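Visitor: Here's the letter readout for the chains.
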Amino acid sequence: MQYFLPATLKELLLVLDSESKSEIIAGGTDLIIIMEGSGERPEKLIDITNIEELIGIKEEEYGISIGAATTIAKIAANSSLPCCLRSGANSIGSPQIRNVGTVGGNICNASPCGDTLTPLICLNATLLLRSVNSQRLISVEQFFLGPKKTVLKKNEVLSEIRINKEYLSGASGFRMIGQRNGQVISQVNLAVWLQRSKESGLIEEIRIAAGSVAPTPVRIIEAEEMLCNTSPEPELIHRAALLVQASITPIDDVRSTAQYRQDVIIGLFGDIMTQLLKEPQSC
Amino acid sequence: MKNKELTQVGRSALKIDGRELVTGKAKFSGDFNFPNLLHGYACRSKLAAGYIKDIDISQAFKIPGVVDVILPKDIPGGNILGILPPYDQPVLAEKEIRYAGESFCLVLGTSVEAAKAGARAVKATIEPIVPILTIDEALAKDARKIHASGNITVSKKLIKGDSTKAFNEADIILEDTFETSNQEHAYMETEAVCAIPSGDDRITVYASCQSPFHIRGHIAANLNVPVAKVKVIQAYTGGSFGGKDDAATEIGSLAAVAAVRQGKPVMICLEREESIVGSTIRHASRIHYRIAAKKDGTITGKEIKILLDGGAYAAESPFVVMKALIHSAGPYIIDNIKVESTAIYTNKTYCGAFRGFGVPQVTFASESMMDELAKKLKMDPLELRRKNALKPGDLNATSQVFQESVGLIETIDKVIDLNRLYKLPSEREERYLYGTGFASMYQGISNGAEGIDVVGASVQAMQDGSALIGIGLTELGQGSRTVFAQIAAEVLGISMDKITIKQVDTDSVHDSGPTVASRSTTVGGMAVYKAAGEVKSSLLKMAALMFKTEENNIILKNNFAQLVFDENAKIPLREVCVAAYWTGFPLMNLSFSKAPEANYDQENTQGNIYVAYNYGTHMMSIRIDKLTGEVKVLKHVAVHDAGKVVNPKAFEGQVEGASLTGFGLAHLEKIQYRDGVIINPNLADYAVPTINDRIPSETISIETYNPTGPYGVKGIGEPPVSGAAASFANAVANATGIRFKKLPITRQDILKSLIKI
Ligand SMILES: Cc1cc2nc3c(=O)[nH]c(=O)nc-3n(C[C@H](O)[C@H](O)[C@H](O)COP(=O)(O)OP(=O)(O)OC[C@H]3O[C@@H](n4cnc5c(N)ncnc54)[C@H](O)[C@@H]3O)c2cc1C
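Protein chains in written order, with our numbering: chain L, 65 to 347; chain U, -1 to 755.
Next comes chain L alone, as it looks inside the complex:
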């Protein structure tokens, strides 16, 4: 196994553009575990944590750009980011994991339970994928194909995550539940972003995404539609929660029964909505 530590994006893309079996490593908090579990090693291991262009959170004209190799801890601590993304990041693992794990790793690992995925979906984030000869922008919703499967091509890297201005305003929240309180993987996680009209107080736009309840994180459009142009009372929130419940297809696994995922999502949804409508600023 060869280990590469490119210093620029250009170098990285060149190394990536070869026939050999290569693997990008960022924090390694997913990859190393996979490698240890299988005993298999790629021919090339390409470490991207030395590439400055991939690190940092920058304000841009369109909104905010997050470098893919930015650590989870940096995201959790950045107050210019929306609440749901920060609290999603903050609920990942332990301080040690958050200090080395990256947001790009969380996305590209494409686990249905990744805790930044649902926030990014409800913030309508776009991903910039680059290869030596081209680049493309893709909506995060389109990125995931299944557990550990994405549209990323072999010679591509996720270089940045973009969030548009309109999603930086508005209120957002994230909730997850696991088997215990500390260092815990989501049995279910849920993120909601919404924008209310200044005049009427009605919800103008709302985006809801749920994780660990289907092969990929899922957006729940039916519930969004139900709540749009309303100023929801508990009754309506509960009806929307039932829609959320009906839209998911969870399975039994080592962390949770499908039943619990079905049951608990109602509570989590109600909890976020009540909080967002009552005190949207608290994060």
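Careful: at least some of the hints might be erroneous.
Stated by the list, open to error - In silico BS3-like links for lysine-lysine, alpha-carbon gap of 25 Å or less:
| id | chain 1 | residue 1 | chain 2 | residue 2 |
| --- | --- | --- | --- | --- |
| 1 | U | 303 | U | 229 |
| 2 | L | 262 | L | 212 |
| 3 | L | 108 | L | 74 |
| 4 | U | 60 | U | 71 |
| 5 | U | 93 | U | 143 |
| 6 | L | 85 | U | 293 |
| 7 | L | 342 | U | 630 |
| 8 | U | 739 | U | 376 |
| 9 | U | 114 | L | 108 |
| 10 | L | 122 | L | 229 |
| 11 | L | 342 | U | 624 |
| 12 | U | 739 | U | 624 |
| 13 | L | 108 | U | 60 |
| 14 | U | 23 | U | 229 |
| 15 | U | 376 | U | 412 |
| 16 | L | 85 | U | 229 |
| 17 | U | 374 | U | 385 |
These are computed hints drawn from the structure, not numbers from a lab. Computed from a prediction, not measured in an experiment: that's the story for all the values here.
Using the hints provided, position chain U with the ligand relative to the given structure of chain L.
Guide: Just chain U with the ligand, lined up with the frame of chain L:
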């Protein structure tokens, strides 16, 4: 030995090994490095049951760095594991695989990576057989026999009075069945050993372990050499909780065999997954419980059937069976008891000692039944416990009588007072359910029915007035070294900074049996007390000569010998030590403490078993989130009668730690199997409590004087596990109105039941 003025005992002394531990200076087994060190990595079965047809090791040797592969036939001695009869376990499986995770060969490499890659390259042909995975499958009429003796490891009975009559004459009879899951020790440091052959034809093994003398014996048996050829040194050990006996013996023996064969040092450090699948866990249990009572709340009889799923090998099942048997009726006066306690073999990871040792399982059943009985009788649950509680002079379940140091009623009264003062949050939100649960328990101190209980300790005073203590019991993080130092300091009048406790090295300390059964302070402390007492008598004799007075006019205090009636007349102890040395008075002593032997009718388990019992009552108040099933512990009080408390801070640490283990057992932790394979062998999916899951335990001690321990001590290491687990279950029942009969009671279980109603 009544407690007059104590200066060291009863004081919150700092942990004497705390500094090296927190600064990283302490060396653990995996920290060692020697020239030419080899690393061992075991090949483990992925199947729960099968016959080994062939092991092809040829591919392993193609991996760079692989040096050797050890097969069962390469073990010169008996290929034997197991601390007790029936000695049914091999170090390496030879013909039959009995659990998923069982090792059948060891690959040696120049690095861990090479050894591990080598282990992956070994091709084993194992013919699968249908595994037996549940108690019912094991007990089925024509079940396959996991061992030649059958599927019952051991079964014991306890019979007191006439339970049939009690049930016939009862006003009320309740009965129910309870279950508990396996629990993993999850120590911070996994099992690790390092074996070094030496030029003098001996072998030294550093081990992270609980009972170095067990390991020493097994290494000798597996090497086929005299025990005296083997030296085991307990390295700093990052937790054990009962778990570092069998697996430490397994890897200690393997490393020694490999080191002798190669003439090089060999290290084996288990990975977390190996530590979970390949070493003991707590017995899962199914307990059928019947209780007979009078209308006034007097419990007249109990009939209990305990089934312990012990996994593939006996390990310490025979002892756990006894402990569960003896404790299952609870700390109450009950004239008629019939208990049967049985351990069963299944094709799963083998079970052994784990903090509490069978008592948490039976206490959960017993205390759940107490609450159900209270409900039925419309009695206050604490009043019901108080009414039936053991007092000094009463006969307990084995008809043993203690005239002193039975503080159960005091623990209940304390909780009654605290409960009266404590108000659950008044602002009860719609979203939450609130409840409080109680549990009383007791736990025998010392090996008791598990065999002879002897500890040897040496105390040596130096000419500079310092002292060196040697004892064969191990420091596992529980603070025993500090407690022994306090006792020696108390006796000798030396300050704590002048006391050093030896590492447990089997060459230099006496075999003191295993560090188990909450016995260290009581039985071990007594040995230190006696040895120090002998040295003290030399010093007093010398000081008397120096002062030209009688010995009883002298006390040893603050590093001085001083006159009782004139504290300004004093001689530094170091001068007394020098003079004693040159006068020829012995400055070193090896003393033994032997607990009174258990003396009982083996057929019915009636008689004197333990030297003392710890008694306790816990109270736990919780809040349940109806949306998610999450439980927040608002208040937890653990009141224990542990005799005299030697070190209040360490005592608090033991109570908090053991309570958290109990909370984990009751709420979070569950070993999950699929086809007999553990599917959550890591600390992400196996939900051991983290720092964020800690419960707010308050520790209260009711000090009684136990005549069988130095200064009246008993023990505290294990008892709170049961109290916390059982009070949690009762708190959930109180909050929800639902009686959960299976541990753990997880968030999922709670939400599911709340939705049903
Ligand atoms: C103890 C522990 C607890 C954890 N808890 C959580 C949790 O609570 N919630 C959660 O969501 N996750 C959790 N994780 C998983 C993990 O920490 C996160 O998914 C983390 O964000 C992964 O980032 P990384 O940089 O370490 O990824 P890596 O392991 O370096 O990479 C993961 C995958 O992404 C690919 N990759 C990484 N960066 C890029 C890129 N820029 N472009 C293309 N491909 C890329 C890699 O090739 C690899 O396939 C936990 C992990 C551990 C070990």
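Visitor: Go through the numbered hints given earlier and state which of them the structure violates, listing their numbers in rising order.
Guide: 1, 2, 6 and 16
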